[in-house]
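Number of protein chains: 2
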Amino acid sequence: MQPDKSNIKMQPFETYLLRTAGISIDEVMLLSSELKRVSFLKGKLLLNKGAVCKHSFFVEKGLLRSYMLDESGKEHVIQFAPENWFIVDRSSVYFNDASESYIEAIEDTEVVLIGEDFICKANETSPDFRRFNDKLLHNHIRHMQKRINLLLGATAEVRYLSFIEMYPDLLLRVPQWMIASYLGITPESLSRVRKELAHKNFKPS
Amino acid sequence: MQPDKSNIKMQPFETYLLRTAGISIDEVMLLSSELKRVSFLKGKLLLNKGAVCKHSFFVEKGLLRSYMLDESGKEHVIQFAPENWFIVDRSSVYFNDASESYIEAIEDTEVVLIGEDFICKANETSPDFRRFNDKLLHNHIRHMQKRINLLLGATAEVRYLSFIEMYPDLLLRVPQWMIASYLGITPESLSRVRKELAHKNFKPS
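Residue numbers (our numbering), protein chains in the order written: chain A, 834 to 1038; chain B, 834 to 1038.
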């Protein structure tokens, strides 16, 4: 008799694999035992500049950001990662480079660590996993290309609207200066954009 | 008797594969017959906004650039590709998306077209090709991440010095306004940076 799987309590990453990677429930259950989960308190660093990044982090609960410091010591936010996002310094993982950026918990956060060992196991377990991983990589590239285009050629308002579209639930979870830093604009410009949008009766959905 | 390979005249892409991809000379010769080469006159578009990008272009001679137009119609240079560089809209190739950018010949240019059919054939022919292709992808990510970091947090001077390091032979081949556009600064800022560097006796090597 087949075991009844309808009552299995899935964790967010398993649900994500099932819904997004096209991996069967049996394969997900096999992989599940290989996963490592870690919790980080708000303010904790998951990756330090100069260290080699060994994992992708999948956020199950909470919020992370990656950032870099410029020559004058000013912070610049590279990415936010709320629930169901991955965050990683891919160059550091792949080339074994010292990371140029930091990854920090903005809230108390629970993550799944996706390391080389898990990826090998997943590739063995499911023929769909390699395709899924390749798609993740290309999604990352698409995301970065969009970011370069916005930084090169978009007004502060367009950058802000694109931020809201990408991270619809972050407006109340992230301080304004961090959003401005991500957008590559001053907090004053962000404040002006928000006032102008309010004036136009714009409401983030 | 083994054929004498010492007199084989290699084209630049074959030489590149041999030196960079760790592929044997026999495998390179097998793949060579699969390659498609095309020439483009200066000013010609290899990729138009709205079209789906079907190939990576490897430059054997000449110079390409990719660029986008912002809402006001202003051009922003995304990448330059002189000899031995690849250029491609990877999101468009992978996701079959309409491209948001253009690829244009800045000089009369000869390219090798690297399409899906060639990549499949190369993966079959050489076990090293998949690893090589994966490394190219991660190099692309490293390059984009560096660009985002520079756009977010670097002064005009640091951006310019990084440009010279990455493209040492382009200073005399590319008009100043295009370099400024790539750097995300005004031509006036670029002119100021160049004067300040000349004052410090800086000479590009």
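Because the hints were derived from the structure by calculation, they are not lab data. Don't take each hint at face value.
[To be verified] Computed footprint of chain B on chain A, listed as stretches where at least three residues anywhere in the stretch have a Cβ under 8 Å from a Cβ of chain B:
id, segment
1, 858 to 866
2, 905 to 916
3, 1019 to 1026
[Said to hold, decoys possible] Now the in silico label distances, taken between C-beta atoms and shown as ranges:
id, chain 1, residue 1, chain 2, residue 2, range
4, B, CYS953, A, ASN972, 40 to 50 Å
5, A, GLU949, B, GLY855, 36 to 46 Å
6, A, LEU1005, B, SER905, 24 to 34 Å
7, B, ASP961, A, ASN956, 40 to 50 Å
Since this is a predicted model, take the numbers as computed values, not measurements. Where is the CB? At the ideal position from N, CA and C, for every residue including glycine.
Outcome of the hint check:
no., hint, result
1, 858 to 866, "violated (count 0)"
2, 905 to 916, "holds (count 3)"
3, 1019 to 1026, "violated (count 0)"
4, B/CYS953 / A/ASN972: 40 to 50 Å, "22 Å, violated"
5, A/GLU949 / B/GLY855: 36 to 46 Å, "21 Å, violated"
6, A/LEU1005 / B/SER905: 24 to 34 Å, "32 Å, holds"
7, B/ASP961 / A/ASN956: 40 to 50 Å, "19 Å, violated"
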